[in-house]
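What follows is the residue order along each chain.
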Amino acid sequence: MSTVVATKNISKTYGKGEAAFWALDNVSLSINAGESVAVVGKSGSGKSTLMHILALLDKPSKGSVLVKDKDASHMNGRQLDTLRNKHYGFVFQQFFLNENDTVLNNVILPLKIGRVGRKERNERGLQVLKAVELEEKTNSKAGALSGGQKQRVCIARALINNPSVIFADEPTGNLDSHTGKTIEDLLFQLNKQQGITLIIVTHDKDIAERCNRQIHIKDGRLTSRGDA
Amino acid sequence: MKFIDLLQTASSSMLRSKARTFLTIIAIFIGAMTITLTNGIGTGIKSYLNKQIGNLGATNVLTIQLTNTTSSGPKSASSAPAPYNPNQKIATTGGGREAQKQLLMTAKDISRIKSIPNILSAIPARAITPDYIMGTSGKYQLSLEQQFGTTTAQMLAGGGVNDNSSQNQITVPANYVRSLGYINNQAIIGKTVTIGITSAEGNQSTVTATVTGVQQIAVVGPSAAYANTALANQLYGIQSTGLPAAIVNSYSTVAATFPSNFTPTQITSLENELKAKGYTGQTIKDKENTIFTALNVVIIVFDMFGAIALLAASFGIVNTLLMSVQERTKEIGLMKALGMSPRRIFALFSIEAVLIGFWGSALGVGFAALIGKAVNAIGRHGFLKDFTGLSLLTFPLTTVATVIIGIMLIAFLAGTLPALRASKKDPIEALRYE
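As given, the protein sequences belong to chains X and E, one line each in that order. For what it's worth, this note's numbering labels the leading residue of the first sequence as 1, then goes sequentially. For what it's worth, this note's numbering labels the leading residue of the second sequence as 1001, then goes sequentially.
Please keep in mind that the hints were generated in silico from the structure rather than gathered at the bench.
Think about it this way: if two alpha-carbon atoms lie no more than 25 Å apart in a straight line, the pair counts; the simulated PhoX-like pairs of lysine-lysine are:
#1 X:141 with E:1002
#2 E:1330 with X:59
#3 X:59 with X:42
#4 X:141 with E:1330
Note that the coordinates shown come from a computational prediction; the quantities given were computed from them, not determined experimentally.
Okay, chain X solo, but in the shape it has when bound (with noise of 0.2 Å):
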């Protein structure tokens, strides 16, 4: 099986001499192609750290970040822009949608980035609305939606592009149990039948179980690791 994305020793700090803080100490581990994968742990675990820089949203301050078996560090801005666009999605627990525009101007926001022409957008923002089950609500304003619709919106955003990875940050942290739970299937059903890897920062016992394979962090270190 093929590593989407691994870590070789990185370490993140913040701060300076005795005041630094490491929020990552030493991590290594590997992702494959079709995975999912739970990151475990407590508020202030450097679990989102550790999301922010596999998404190379991040840097580490020590170690390296291999994006299919290349070293990200060796990637100049333009191609990690491109790479995030076109191979990653994001859902965030905060949705980030633009509440004054419709629900398809929010889901083709990657295409807009990535130069895609007008007309392949709007096929593309439909056949993913249609996949999240949101065609009906294709030309309501984002800010109308309730909570699991505004999620799904997301998760159509992150779709839009065929990505290899979705990166997903506490996506059920502002749904209630029941909404939670049709946002859980869904990605599940995508990681099953699309085979996009599933990386998910969580809390959520009952998600993380679900994963194939759960990385638990505590201090910036790894403790122990689920089996694949």
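Given chain X, put chain E in place with the hints provided.
Just chain E now, with coordinates in the frame of chain X:
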């Protein structure tokens, strides 16, 4: 993002807080309007003066005098009086303290001027003072000038006189038509008028001339009738009968024509050539420029008020966009996370700034144009009634475009600080931002 998407995104985020955007646009609007109005007035007056100066005479004529090296300018206590030159004739025009000494030219000077390349003709400018002009009945006072070169006066009917014709020809100002006994400008064309003139010996005689055209009444300069060479020669001949030859044959001013397609630089070099020979040549344009310099100073002062308004407005843009960047921190973070480059983020906010500049200036210029139209319409029937042909406010496309593009540039510069701040936002910090 493609440019069109950047434009659209910037447009819609501009409209997100309408009141704030509107107020920023108002500030730019005021600046743009001020500058457009002052420039409009300037252009209007200039183009009017340009037309009027055409009424003063041909533009391809140099009025030439001997350069007076002694009498002009303040003198220092130590400067010695000018030595006597037996070959130099001096006339004093005016009287008392206003008197001006003028060096006189003779036939020798005329042939020297004529020898300069590109001088087509040089004719002494003679003062002709006719007693009256008479049409079908009644005698009226008249000031008459010789038309040099081709006419540039605005003709309401007919055309200018022909210098090559042996026939006596004249053009008259529009206000003479009725007094000369004709019902309208067309009716007088081709008709004969009689001019009375008195010789130096005191004998009055009359000369007839054919009217070839009717001129618009000039606001700048005297409303004179223009005579062709044949008429001028005949009238001057009568007028100078009995004068000593030395007086008849010396002139204070010579009018020289040059090719009418000459460029300003060619004219300047011609003037320099005259200067080298000891003459001062001036075209109508040179006189015009003196007036325009004064006008430009006034316009620049008004423009400065507009510029101050724009300076204040550009701080408004900085403020508006800084607030916008702050409010949209999360959105910027998201766009960066989704792969938008810092450069595009910078472009996005710069475009928003430029758009604010564009709308402010376009509305300001448009409103100024409306005001101009109204003022011109009111003025034409009211306070500008006596200035036939004056559009007080004129807005040529180049001025309008310069104002709009200039303000968009200012807006872009004002937007660089907020845009830079937006482009430097760390996506992680931005996404964490509450």
